[in-house]
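Engineer: Spelled out, the chains give:
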Amino acid sequence: MSSTFDQVATIIAETCDIPRDTITPESHAIDDLGIDSLDFLDIAFAIDKAFGIKLPLEKWTQEVNDGKATTEQYFVLKNLCARIDELVAAKSAGA
Amino acid sequence: MHLEYFQLVDRIVDLDLGERTITVEAQVPRQNTIFEGHFPGYPLMPGVLLIEAMAQSSGWLLIALTKFERMPFLASVKEAKMRSFVTPGDLLTINVRVVHEGSGYAVTEAKIRVNGELRSNATITFGVIPFPNPELRGHMEAMATRIGFPQQAASHE
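If you're matching them up, the sequences are chains A and U in order.
For the first sequence, position 17 (counting from the first letter as 1) is numbered 17 according to the numbering used here, and the numbering increases by one without interruption.
For the second sequence, position 156 (counting from the first letter as 1) is numbered 156 according to the numbering used here, and the numbering increases by one without interruption.
Rather than coming from a laboratory, the hints here were simulated on the basis of the structure.
This one's a predicted model, so the numbers in the text were calculated from it and none came from an experiment.
If a hint is listed, it holds; no wrong ones were tucked in.
Cut-off 25 Å, straight-line C-alpha distance, at most; resulting in silico cross-link-like pairs (SDA-like, lysine to any residue):
#, chain 1, residue 1, chain 2, residue 2
1, U, 78, A, 35
2, A, 91, A, 72
3, A, 49, U, 20
4, A, 91, U, 101
5, A, 68, A, 37
These stretches of chain A come out as covered by chain U in the derived footprint (C-beta under 8 Å, 3 or more residues):
#, stretch
6, 34-48
7, 56-66
Derived DEER-like restraints, expressed as beta-carbon distance ranges:
#, chain 1, residue 1, chain 2, residue 2, range
8, U, 76, A, 13, 11 to 21 Å
9, U, 74, A, 62, 14 to 24 Å
10, U, 87, A, 71, 46 to 56 Å
Note that the Cβ used here is the ideal one computed from N, Cα and C, for glycine as well.
Using the sequences plus the hints, can you model the full thing?
Structural biologist: Okay, here's the thing in structure tokens:
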């Protein structure tokens, strides 16, 4: 978890020019860090590459738009990292 | 190349869905009002139009990969380099490969060559979404036929 967070925080810091020490597991990527959808594409690309996964952004967005999920579930960094860990585990299990 | 209609790709030369690559050709017109202003006495193909040509070439590849179910829209351009001039009458050969297909987005790398010489290249990100309406999809299908889009690549499996 900490390793995943460190990697994600570094990606966000480098991609969006946000000071690394302001990024915490409790940070909301959109509400706290001010990351917009276009910048998040760059972050998703970097995460996909770094972890060898495909973040299901469309599914998440649809769930939020339909009221079936909150943005906190996917965009608070500790939750995002948990989703990443799940995707990595699922990929390993399916390999 | 129909600059007036912003249609920069003339023909698809090769499309490889397995390798996720496309090669297209685009003939820069010898005469166009654009060259009267860019630049008087020294006509050059504007760099932004070279980027657009790479984006449109990438777009055809992404449309092929999604079997005409989705339309790519330009989201960002990185590492775009105009390495040397492109002038009226040049025949552009544009090679594109998909670097990554994400959820609702894709990243491509595109290169423009003239007579084998690299003139421009860019890394381009697209939002890739379902066609917003049937009219656009129909228009793109008609244009695909015109530029020699391989029919088997458009078939819905």
